[in-house]
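Below are the chains, spelled out letter by letter.
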Amino acid sequence: MTKTITPEPADAELVRRAQGGELEAFEALTNRYEQRIYSLAMRMLRQEQDAEDVTQQAFLSALENLGGFRGDASFATWILRIATHAALKVIRKRKGLDTVSLEEATEPADGYDAIPHPEYIADWRQSPELLVHNNEIRRLLDEALAKLDEKHRMVFLLRDVEGLSVKETAEALGLSEANTKVRLLRARLQLREELTLTLGDPGRRITRNLHDH
Amino acid sequence: MKCAELLAALNEYVDGTVDPAICEEFQKHMAGCNPCQVVVDNIRQTITLYKEGKPYQLPVECRQRLHTALRERWKETHLRGASSPS
Chain A
1 MTKTITPEPA
11 DAELVRRAQG
21 GELEAFEALT
31 NRYEQRIYSL
41 AMRMLRQEQD
51 AEDVTQQAFL
61 SALENLGGFR
71 GDASFATWIL
81 RIATHAALKV
91 IRKRKGLDTV
101 SLEEATEPAD
111 GYDAIPHPEY
121 IADWRQSPEL
131 LVHNNEIRRL
141 LDEALAKLDE
151 KHRMVFLLRD
161 VEGLSVKETA
171 EALGLSEANT
181 KVRLLRARLQ
191 LREELTLTLG
201 DPGRRITRNL
211 HDH
Chain B
1 MKCAELLAAL
11 NEYVDGTVDP
21 AICEEFQKHM
31 AGCNPCQVVV
41 DNIRQTITLY
51 KEGKPYQLPV
61 ECRQRLHTAL
71 RERWKETHLR
81 GASSPS
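Going down the list, the protein sequences come from chains A and B.
Here my numbering is used: the first sequence runs in plain steps of one and ends on residue 213.
Here my numbering is used: the second sequence runs in plain steps of one and ends on residue 86.
Honestly, the hints are just simulated from the structure, not real lab data.
All values reported here derive from a predicted model rather than from experimental measurement.
Even glycine gets a Cβ: it sits at the ideal position worked out from N, Cα and C.
Where hints are given, some of them may not hold.
Unchecked claim - Computed cross-link-like contacts, DSS-like style, restricted to lysine-lysine with a CA-CA straight-line distance of at most 25 Å:
no.	chain 1	residue 1	chain 2	residue 2
1	A	LYS93	A	LYS151
2	A	LYS167	B	LYS28
3	A	LYS89	A	LYS167
4	A	LYS89	A	LYS151
5	A	LYS147	A	LYS93
6	B	LYS51	A	LYS151
7	A	LYS147	B	LYS51
8	A	LYS89	A	LYS147
9	A	LYS151	B	LYS54
10	A	LYS151	A	LYS95
11	B	LYS54	A	LYS147
12	A	LYS147	A	LYS95
13	A	LYS151	A	LYS167
As the list claims (entries may be wrong) - Here are some of the chain A residues that sit facing chain B, going by a computed Cβ distance under 7 Å:
no.	residue
14	TYR38
15	SER39
16	GLN56
17	TYR112
18	TRP124
19	PRO128
20	LEU130
21	ARG138
22	LEU141
23	LYS181
24	LEU191
25	LEU195
26	THR196
27	LEU197
Said to hold, decoys possible - Part of the chain A face toward chain B, derived, beta carbon under 10 Å:
no.	residue
28	GLU27
29	ASN31
30	GLU52
31	LEU66
32	HIS117
33	ALA122
34	LEU131
35	HIS133
36	LEU145
37	LYS151
38	ASP160
39	VAL161
40	LEU199
Okay, chain A solo, but in the shape it has when bound (with noise of 0.2 Å):
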């Protein structure tokens, strides 16, 4: 006898399936997601507490919210939205503070030429293909993530990790596409700085005073 394979329902068939009231098309769409928004909060908080807690309210609140969702944007962006939102909340809390947005009112936008040059330049002694299932590694990565700026984090966390477009991450965080793109690149730059003082091969070391930048 042949088994029949079939192909596993689209997100977008689920949420139909969902809005129609079968709970199992819902709790089909958490198992997809819910890894995937339980560790990016704990990369956002990095405690376990508030990310269990931040994850819960995701999915609670996309359950209450399904009716509402008209599919403009994916399942996945829009659960990510919502967890990123239930975070900030967490993280505005922790500061004592009212307001969600990342944006302070007195804060003046940030420019490129703030922007720290980069200093220490080597090419790494391994790919990052072999690197990825090293142990030391997470551990390298989750310091050099924890020494950024929340606002900087956060951009990188939704923009690079999780793939959201420039516009998304915007949006999802309250800020300006321009001002999204200065904090993206400030993340990326200091990320690399940290990981090349460890990764980079010091006998390969690039000095930068050799042209006229």
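Please build the complex by placing chain B on the supplied structure of chain A, with the hints as guidance.
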């Protein structure tokens, strides 16, 4: 290309979405500037590490709590008849 201009375009260059005219400028600069090429490579490697790195595992109990909470809320929501937009 001057440094500030480079920085402003660096994100797009790393992502491969930069305007072709600027891309050409970048390539020209890279050809004569090894440090910049290495920085670009480093950034791409950095992104790969974070993207492909091991995610934080969702603890089993946490997952169970999540699904229990969802089921309960689902029941409440559907009893309320609140399946229309609030």
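Going through the earlier hints one by one, which of them does the structure break, listed in rising order? Structure breaks hints 2, 20, 27 and 37.
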